[in-house]
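Chain by chain, the residues:
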Amino acid sequence: MRYLPNSQADRELMLREIGVKSVDDLFAPIPPEYCLNRNLNIPLQWSEAEVYDWFRARSAENGTEYSMFLGAGAYNHYRPVVIDSLISRGEFFTAYTPYQPEIAQGTLQSIFEFQTMICELTGMEVANASMYDGSTGAAEAVMMAVRLTGRNSAIVARSVHPEYREVIRTYAKHQGMPISEAAFAGNGRVDLAALDRAITDDTACVLIQSPNFFGTIEDVAALADLVHKRGALLVVSIAEAVSLGIVRPPVEADIVSMEAQSFGIPLSYGGPYAGVIATKEKFVRQVPGRLVGETRDRNGKRGFVLTLSTREQHIRREKATSNICTNQALIALMANIFMTVYGREGLKDLAKQNLAKTAYAVEQFGKKAKVLFSGAPRFNEFVVQTSEESYAISHRLADKKIIGGFPLIKFYPELGNASVWCCTELNTREQIDIAAGEVK
Amino acid sequence: MAYPADFKYTKEHEWLKIEGNTGTIGITDHAQNSLGDIVFVELPKVGAELASGKSFGTVESVKAVSELYAPVSGTVAEVNEALGTAPEKVNTDPHSAWLIKITLKDASEVNGLLSAADYEKFIAEEQ
Numbered sequence: 001m002r003y004l005p006n007s008q009a010d011r012e013l014m015l016r017e018i019g020v021k022s023v024d025d026l027f028a029p030i031p032p033e034y035c036l037n038r039n040l041n042i043p044l045q046w047s048e049a050e051v052y053d054w055f056r057a058r059s060a061e062n063g064t065e066y067s068m069f070l071g072a073g074a075y076n077h078y079r080p081v082v083i084d085s086l087i088s089r090g091e092f093f094t095a096y097t098p099y100q101p102e103i104a105q106g107t108l109q110s111i112f113e114f115q116t117m118i119c120e121l122t123g124m125e126v127a128n129a130s131m132y133d134g135s136t137g138a139a140e141a142v143m144m145a146v147r148l149t150g151r152n153s154a155i156v157a158r159s160v161h162p163e164y165r166e167v168i169r170t171y172a173k174h175q176g177m178p179i180s181e182a183a184f185a186g187n188g189r190v191d192l193a194a195l196d197r198a199i200t201d202d203t204a205c206v207l208i209q210s211p212n213f214f215g216t217i218e219d220v221a222a223l224a225d226l227v228h229k230r231g232a233l234l235v236v237s238i239a240e241a242v243s244l245g246i247v248r249p250p251v252e253a254d255i256v257s258m259e260a261q262s263f264g265i266p267l268s269y270g271g272p273y274a275g276v277i278a279t280k281e282k283f284v285r286q287v288p289g290r291l292v293g294e295t296r297d298r299n300g301k302r303g304f305v306l307t308l309s310t311r312e313q314h315i316r317r318e319k320a321t322s323n324i325c326t327n328q329a330l331i332a333l334m335a336n337i338f339m340t341v342y343g344r345e346g347l348k349d350l351a352k353q354n355l356a357k358t359a360y361a362v363e364q365f366g367k368k369a370k371v372l373f374s375g376a377p378r379f380n381e382f383v384v385q386t387s388e389e390s391y392a393i394s395h396r397l398a399d400k401k402i403i404g405g406f407p408l409i410k411f412y413p414e415l416g417n418a419s420v421w422c423c424t425e426l427n428t429r430e431q432i433d434i435a436a437g438e439v440k
Numbered sequence: 001m002a003y004p005a006d007f008k009y010t011k012e013h014e015w016l017k018i019e020g021n022t023g024t025i026g027i028t029d030h031a032q033n034s035l036g037d038i039v040f041v042e043l044p045k046v047g048a049e050l051a052s053g054k055s056f057g058t059v060e061s062v063k064a065v066s067e068l069y070a071p072v073s074g075t076v077a078e079v080n081e082a083l084g085t086a087p088e089k090v091n092t093d094p095h096s097a098w099l100i101k102i103t104l105k106d107a108s109e110v111n112g113l114l115s116a117a118d119y120e121k122f123i124a125e126e127q
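Order-wise, the sequence lines are chains U and S.
Residue 363 in my numbering sits at position 363 of the first sequence, and the numbers go up by one each step.
Residue 29 in my numbering sits at position 29 of the second sequence, and the numbers go up by one each step.
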């Protein structure tokens, strides 16, 4: 395909071919009172150099020269340079939907590998080709549970990312799906007794996050026991994918919805990211989005195809299991390359580094302020309660080129001046000491 | 394949066999042949109420998912669980591989269905 501007001669040729004199003739059927008769109210076009400068300035606002203790659903991890080189190959960069397997084997194979590695990591049997992000993935998982159980309501733990909960409520609102919340206990985990009381015969699923919004790792096995006894499904949302390098996979869950951003996907102002849904094989027909399967051609050679797409929106729109009709192929490919580069051992090492950095930070912050939810294991986030407003700490740290923790007052007013801090392999001991020094 | 003369048929390609107050429902040979290899059948639960002409499940082949329509109204009395692991039986023996059995609500609804001869004529015209 050529992306070249049309010359005046090209335009005249096309108009002559159609049999009209001018472009205006093409729009003649539109009554004049409905025509705008002026230019659109948008800025005039910029030169390539101006656009480049503008984006460079915006890019600088990402604060790349700052050290970061902000997590809360978007994590600052190292991105191996090979990722951008490989995804920039034309075959990947320009490819759209791989409907035609004969010419899309590379794209299909990369998606198949992504699905396979996600299954290995999460302990599930099938994974889809990716969703828009972790929050829409969580909402889709809830709707999937409603279809599977024939029940209509869902319980979402209050320790799930607050914005994920908002997305779920948005999805549920016009489907008449009641969503209630389950409280957290003093150790930051879901309060099992309160959850048990909240489940009814209409509860399709309980959705939890692990590590949860406070960084606390949930007792997935105990939760699954409780939820399954009541005939509901357990959905586990994972916002920090690197945790899977060391935390036991949530094998007891019925559906796992994950955000893959930690796996080599840049922070980029909050998107585009890549969500995932993984589940047991027996639920495969209710999985939203698309799946790539392995097959054999007529000569017995291995090949890859989109499979089970009979329920996808492009074929059976009115009966589709979801309104998602594509996937985040290029972003998922970043995660794919990341998983391949790190490998099983590398990912474990990476997770250990995150744990060690966090343990050190918790110790330092704990000297000057109160670290909440200490009674349960945690991954790279922890909640610190301070005597002053968390925003005040953040402002002082910003002057030292440090981005502080995420203030919880907006979403959890009962926690007072608390904020959730995050340490990854990219935080140095020196930065941790400086940050902890400002906390009081 | 000959269409059994003691069955009734719909223009949506379901067959209905009546025994007393019970109706057995399946899809016709023409339907299975048009769909191709059937890989999954989604059926209602026992006790579900069916309304004549309304969808009660789906049949999925390698190329499409199609709705199943109730030939008559009634209550689901039995579901052919064997199709869960062997949906291909619908391909090999469509007039024996039934999907569900229902208790009829109004036996007079049967009068509106096609006979074997009418159905064969109908599919001949459709092709």
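Worth flagging that the hints you see were computed from the coordinates, not collected in a lab.
Just so it is clear, the structure is predicted and the values come from calculations on it, not from any experiment.
Careful: at least some of the hints might be erroneous.
[To be verified] Some but not every residue of chain U turned toward chain S, in silico, with C-beta under 10 Å:
{"#": "1", "residue": "G186"}
{"#": "2", "residue": "R285"}
{"#": "3", "residue": "L308"}
{"#": "4", "residue": "R316"}
{"#": "5", "residue": "K319"}
Idealized CB from N, CA, C, for every residue including glycine.
Against which earlier hints does the structure fall short, listed by number upward?
1
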